[in-house]
Amino acid sequence: MSQKLKEKSKSIFLTLAKAEAYIHQEDINSVHLHELGSIDTLIDIVGSVVGLDKMGIEEVYSSEINVGEGFVKTAHGYLPVPAPATAHILKGVPVYSSGVKAELTTPTGAAILTGFSSGYGSLPLMKLEVIGYGAGEKDLPSPNLLRVLIGEKSIQSEQEDWVSVLETNIDDMNPEFYDYLIDFLLKKGALDVFLTPIQMKKSRPGMLLSVICYEKKQKEIIDTIFSETSTFGIRISRLRREKLKREIKNLKTSLGNIRVKLGILDGKIVSVSPEYEDCKKIALERKIPLKRVYELVKMEAGSLITKRYA
Numbered sequence: 267m268s269q270k271l272k273e274k275s276k277s278i279f280l281t282l283a284k285a286e287a288y289i290h291q292e293d294i295n296s297v298h299l300h301e302l303g304s305i306d307t308l309i310d311i312v313g314s315v316v317g318l319d320k321m322g323i324e325e326v327y328s329s330e331i332n333v334g335e336g337f338v339k340t341a342h343g344y345l346p347v348p349a350p351a352t353a354h355i356l357k358g359v360p361v362y363s364s365g366v367k368a369e370l371t372t373p374t375g376a377a378i379l380t381g382f383s384s385g386y387g388s389l390p391l392m393k394l395e396v397i398g399y400g401a402g403e404k405d406l407p408s409p410n411l412l413r414v415l416i417g418e419k420s421i422q423s424e425q426e427d428w429v430s431v432l433e434t435n436i437d438d439m440n441p442e443f444y445d446y447l448i449d450f451l452l453k454k455g456a457l458d459v460f461l462t463p464i465q466m467k468k469s470r471p472g473m474l475l476s477v478i479c480y481e482k483k484q485k486e487i488i489d490t491i492f493s494e495t496s497t498f499g500i501r502i503s504r505l506r507r508e509k510l511k512r513e514i515k516n517l518k519t520s521l522g523n524i525r526v527k528l529g530i531l532d533g534k535i536v537s538v539s540p541e542y543e544d545c546k547k548i549a550l551e552r553k554i555p556l557k558r559v560y561e562l563v564k565m566e567a568g569s570l571i572t573k574r575y576a
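The C-terminal residue of the sequence shown carries number 576 in the working numbering, and the numbering is unbroken.
Please keep in mind that the hints were generated in silico from the structure rather than gathered at the bench. Please read these numbers as outputs of a predicted model, since none were measured by experiment. Hints may be right or wrong, so weigh each one.
As the list claims (entries may be wrong) - DSSO-like mimics (lysine-lysine), calculated; alpha carbons at most 30 Å apart, straight line:
id, residue 1, residue 2
1, Lys393, Lys534
2, Lys518, Lys483
3, Lys518, Lys557
4, Lys276, Lys320
5, Lys483, Lys320
6, Lys485, Lys515
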């Protein structure tokens, strides 16, 4: 084994040791670690490290981790599932139980997963090349299988990303609250918030609240929706988004300095949008209709941009 693989194996063993030491409230150098002394553990960890290296795997992604439920018999007696060490290792990782009364993720498995995984959840965009399956020995109500998908990761362009879309139907909330809610959600980090009038059951008029956000903001925004609205449930979906590259330019026009937002596709400017607040200020100061300010700025911005980016 190379030094690099030895260090990776040691780091996974150390994750296990720290978890067991924490659970037993003992020093890591003195606690007796049953699982660490197992030959199976050695094979699992070192085998995973060497195997991924041999296959040339550069990044690993995992689905949310199914930990199981119930109790498991260990050297320390019966413990709840997930075992305390497993739960400690999986802090900050999305986990769930499918209802199977068994230990589906062991401390060793958790340490290996967290030692390699760059992310959890949806399958990343990739060109699929190899598929592998492995079957466990336990006889479970559902298929006891592990699937591995190997492929070449697609390079995401600047004009593409993934967002969470949160939606809920509301028919019993004071409509005056929506103005506050939308502003609050945007301040919380939502990319966009909008309302759609809908017809609900018993012919009641309602509103469809839609919020677009990045996944890292999802939990905070969901909590905000629950605390600030009357809804009892939120639908969550993950969507790929194509977008223009954006630049803000401060342009000198016949009306003064006005910021414009440029939409760029493949290096070419395809959209020009004057900033509302700047146009509003000019319209009020010069007593010109706001619509006319927009028209003049877009016309002059177009010619200035043509010169600048020709």
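Exercise. In ascending order, which of the hints set out earlier in this document are inconsistent with the structure?
Worked result: Violated hints: 2, 5 and 6; rest satisfied.
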